[in-house]
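Protein chains: 2
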Amino acid sequence: MNVSNSTATRKSKFAFRQDSVGYNPDRHHNSDVKIASLTYNEDESEAYRAHDASTHYKYRGTYWNEGKREIMIRYIQLALIGLIQGSVAYFCNVACHYFVERKFERVASILESGSYFFAFLSYFGHQLTFAAFASLAVMIEPMSGGSGIPEVKCFLNGIDLPRINDIKTGLCKVIGVVGSVSAGLPVGKEGPMVHSGAVVAASVTRSSVRDDKARRDFVACGAASGVCTAFSAPIGGMLFAFEEGASYWSQSVTFRTFFCSACSIATLYTWNSVGSSFGALGFDKLFSFGNFIFEGMQASYSVWELLIFVFIGCMGGMIGAIFNNTNEKLTHWRIKHVNHSKFRRYLEVLCISSIVSIVCFGIPFIFHECIQVPDTDGMSQQQVELINRFVQFGCPEGQYHPTASLFFTDGNDAIKLLFHMHEHTFPEKALLLFFVCYISLATVTYGIAVPSGLFVPSLLSGAAFGRLFGNLIYKIIPDKVAFSNTYSLIGAAAVLGGMARMTISLTVILLEATGNEQFVLPLMISLFCARVVGSLFNTDLYHIHIHLKPGVHFLDGELRAISGHHDLYAGHIMSKDLVFIRPIEKVATVYDLLATCDHAFFPVVDTEDRDILYGTVSRHILTTLLQQRAIGVAANPSASPNRNIVQNHVTLEPNCNYVPLVPYKILEREYPAYTPISEIAVSDNDRECFIDIRPYCNTAPHTVQETTSVRRAYETFRTLGLRMLLVVNKYNQCVGTITRDDLTAEALAQDMITKGKNL
Amino acid sequence: MNVSNSTATRKSKFAFRQDSVGYNPDRHHNSDVKIASLTYNEDESEAYRAHDASTHYKYRGTYWNEGKREIMIRYIQLALIGLIQGSVAYFCNVACHYFVERKFERVASILESGSYFFAFLSYFGHQLTFAAFASLAVMIEPMSGGSGIPEVKCFLNGIDLPRINDIKTGLCKVIGVVGSVSAGLPVGKEGPMVHSGAVVAASVTRSSVRDDKARRDFVACGAASGVCTAFSAPIGGMLFAFEEGASYWSQSVTFRTFFCSACSIATLYTWNSVGSSFGALGFDKLFSFGNFIFEGMQASYSVWELLIFVFIGCMGGMIGAIFNNTNEKLTHWRIKHVNHSKFRRYLEVLCISSIVSIVCFGIPFIFHECIQVPDTDGMSQQQVELINRFVQFGCPEGQYHPTASLFFTDGNDAIKLLFHMHEHTFPEKALLLFFVCYISLATVTYGIAVPSGLFVPSLLSGAAFGRLFGNLIYKIIPDKVAFSNTYSLIGAAAVLGGMARMTISLTVILLEATGNEQFVLPLMISLFCARVVGSLFNTDLYHIHIHLKPGVHFLDGELRAISGHHDLYAGHIMSKDLVFIRPIEKVATVYDLLATCDHAFFPVVDTEDRDILYGTVSRHILTTLLQQRAIGVAANPSASPNRNIVQNHVTLEPNCNYVPLVPYKILEREYPAYTPISEIAVSDNDRECFIDIRPYCNTAPHTVQETTSVRRAYETFRTLGLRMLLVVNKYNQCVGTITRDDLTAEALAQDMITKGKNL
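Chains A and B, in that order, are what the protein sequence lines are.
Per the UniProt record's numbering, numbering through the first sequence is continuous, rising by one, with the last residue being 759.
Per the UniProt record's numbering, numbering through the second sequence is continuous, rising by one, with the last residue being 759.
Pulled out of the complex, with its shape left as it was, chain A reads as follows (with noise of 0.2 Å):
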């Protein structure tokens, strides 16, 4: 299909390629994926801001202005959207309670029987159901498998994944996630509630917002108050949202984080308050992994046991990046030979299952021991109810079975049993084990087609390592050293960060989750110890998910050193096929270009006036304006737009046929899924006339100059949140456009290689 501009002059030395547009847009990737781009910056066209005059001077001198209008609908929306997480993620947490407490009541029942065998029948197909059940639900909607958090750290990102955000999803996630969580599989629930906190942000909002940026600030906003519900970390929710998701971050987003928090929390704590005396709220309620108490000086730390946090890190960093590699082979493993299949999927999902539950169930029967439960005297109140979640498998009463206490049982209870019981509750043997296998087994899992978070496992095998670890030192100088609970949160810590790399939002989250802020030193040492050594090896689980999803191409948040160093300029980088249009166009032109080239922006060029760059247009507004029929028969088809030098006013001449402009809200009516081409027909008729672009193209687009160098570039598209930046020469001619795809490492990397030959 030829659509070439035969009757513009073409004075232009440059390469501009309209008669090419069906070239290849993906040039460094063979992919056949294509995800789009979201746009975080606003419109500049005149259109746009005489919809945004408009609305502005309707309300003018009122006192109920369009601008405190929008700010009251924006914090309604903020609490509701903390009203739905808080509750999804209380009825998600009492589901998976009373679903778990049910399977070990029967299975505790037959074993006082003494019958293991039926019991184990019993605890495998309790196991299996459930994830069976898990497993539906990611076959229903496969976008509600794994964490969540790769996917919500794209979406912040700026790429487009497709049904991220639908109800369909959150649904599916919400529901898989107790399935999957009462099925006793090494995953938790918190990556999942961030991504439903994203989902419910997205849907409570989607009728009135308009706007990628919006919806990306609701969006962070969600997923922040997704962790908070999660972790009852309302600061660490807000920490992880900046820390992990935004690319972008403002003090009115961290304030609106704020306020969403904490009606998140508000929502929560009342729900758990239920049943309590007019709303009290015990401590139990409101920490997820129990209350780390102050006690006497053995229950702190020295100043001198900070150097053995400082290797507990190191270890733990080092566990992560073990951690990391293997999963990251397993999920290549994975793409290769299962994912393709849903049944495969499905079998993989019930044959994981099924290791769980043996490796679980067996482990406690083979190595069978049993230990006297401690007395009471001195205990504080957590403790005491503690000892009702110690696991007697068979052992006597007033006996308990410390590896059963640790594997068969609920990751939570395990968690609060590590960090809070002292010194001796568990056998260095038992922790080992617990420590190997249950790592193992979280490796395995983490990728299968069931909703799963990786915070509790990685917790509670950090927990166990730590306390394995205190033991020991316990061992080498008793009575100088802290109790082992307190390494076990240092190791839990670690093992976390050595996975995830995150340092200041998992410090807030584990202090907000325990309670107690005099570990605020000692996490901080080792979470920054276990990211050092960790990044030694690797990146972190997530990005490594993110880069294995085909077409996407995240930007991280520094431009790594190698490509940094003024080798390249934009002019080397950037794409130099070049689809553009002009400023009053043929209708033929913009049907054929929008049927055959898929780019959503395309850079308006005014070839009657040396060529230069006039503006740019997206796509949907030229799709809008075909179906608006706002064409027109030129009084003189080859009439150039007055050039008056301040160009703030397009005015259209007094003496063309064009049709009046189609105003702001009719184009946006559509966000953000417009009418495809295809869709929409043109007559033959209708070919001939002209389209004038003048009013909706942004006149003001962002543009670098080609001997930008590549890292200011890469700041600039990434800071502002671009799409499409264009790259212009001296005169201000479009010489080539700089897209999400041309910064990637990979496409930095092959441009370094071929530099000399591009030009």
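Honestly, I wouldn't trust all of these hints.
Unchecked claim - To be clear about the criterion: a stretch of chain B counts as covered by chain A if any three or more of its residues have a C-beta under 8 Å from a C-beta of chain A, and this derived list gives those stretches:
| no. | stretch |
| --- | --- |
| 1 | 257–268 |
| 2 | 503–513 |
| 3 | 612–621 |
Don't read these hints as lab results, they were simulated from the structure.
All C-beta atoms, glycine included, are put in the ideal place defined by N, C-alpha and C.
Mind docking chain B on chain A? Use the hints.
Just chain B now, with coordinates in the frame of chain A:
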């Protein structure tokens, strides 16, 4: 003086005014003070690129390459900053504690002998001496007065206040604040600690840092470390730097701040553990405001009490707004009547110190009351120790004086008493008296010529207010509400939040200073309400004081809504008085330009090629080029640069006699204080030579189209940390510049009024 460019062909029809360099650069403000700005974006000249590439390639292939070397040095510096600031904070604490203890010991011993009059004289004399000493430090270095937080905020915003980061300023600040705290003035040492952290950071890195951006990042780390050591709040410090300070924040800066905070808090803890056995650290050393111990139900709060906290938050917002308003008016008066004379400033300090002494001694004397010291049964260790902090003030053994325990003691002790003793410790009358008097004194004191933080006085009066409220609530609904010490924490947060309008960082600082995470939601709620209510009336106190500084143009996080409605474009607000230079320029022109125009950057305009914008060059590069005599006689004076389209390499023509390049190392050698132009002599012979600016030009400056909305121009300017934003028309001809002065609220308001006339 006329330096008009007669050799240039003036083809342009735009109002270039190279001949009008003597115009008033400050078009919106008539102040005489000219505060320079900082540049937070990187150089992109050929000279810099050559330098960067050469350092990069020098070590390429070796293990210990330039990047690793830089990172290593940076982290050593950060550790050093933490170490020094931690030690400064510790010794400052120790000195304050020592002086205050001695003062009260002596006065108490005279009181015991029964002589109120001599006790008062001794008290009065001590306080006056310390106040005179504190004020002396400010007389030596005026920049060390006040809190220091506004100054640090200005620096991070890009305003180059003179002497702000000098060692002398830091020393005067730290020594002065010991004096002012010992003088019993209603001031805290937290603000000065922030300033001290910034000074430490700037001093440690002075020799290695070669650009404003790196310096800013270090100062941000230092400020965070200052907050961190002031409150023992490492996470709070980071969030403070994020929320209050930085206009720009990146993940790598977050990580560095995290490291620096960890180092400083580790240093502080290590110093604090001196004297304990083997580095052990008690809880009393961990938390600045004492540890909110987990107790039974009533120490916590019920969910429905959150509504009461909303009310307290709103009240705190109003109190803060009144405080800010009164202090603003007082400061206006002070600027007019006091600040112009050093003698008057000194006298003012002595007067206020006298008033403080009279009030703090007089009120306990007039309202004499003795209460039985409560029984220590069932008290926590901390409360038992706090009982020793009760002040007798003439009461018999076993009794204490409630009013004196608030007025006649160290501020930190009073806060701890208010925070941790249970109900009935302070009668309502004492609390009301203390609240009213203390906040009035604080209002008068903030702004006098002593180093003075605002946190402790706000927290202290807020704690009294909250406790008063708690006592009243308890009378209405006894046994249902939390203890009044919980209310005192919420009240303290509300009043401080009402003044400083911080949310997330204050929440975390208060949590870290009191050690108990259970109050996260109440604190969030009250701080949110305080900010919202306070913002209805005025802005925060730091902003008020920033705006009172002459010549300072602070750029807020977001443009005010009124300018944002696309009524204004970049073309409306820009300065049209353009002073430009040509790529190859006569020495005479350059010299005269530098001598008569104080701009820091000059656009380089290629008058031989359609007047397009060639790049920008900074003042100090031109000065250095003249100093280095990088001049020569052109083979062909009118030779214009080789116009190849992709201008990646500006090549010197072979037949020209220009002297070779001045390396970048020489250009940056004098940073940050460059030789002024007046000290450079240029002979009459040299004046006729030419200077080739092209290799030193930034050929990819940040530009905006004149049709760009103000909102976007503002965002670009602030997000990228620019000093000058060039405005170009669609042919890439420079038509104006936007600097910090053009983007203030006042300048924009004026532009809106004169919009039509300007065009």
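Violated constraints from the hint list, given by number and in increasing order:
Going through the list in order, the structure violates no hint and respects every one.
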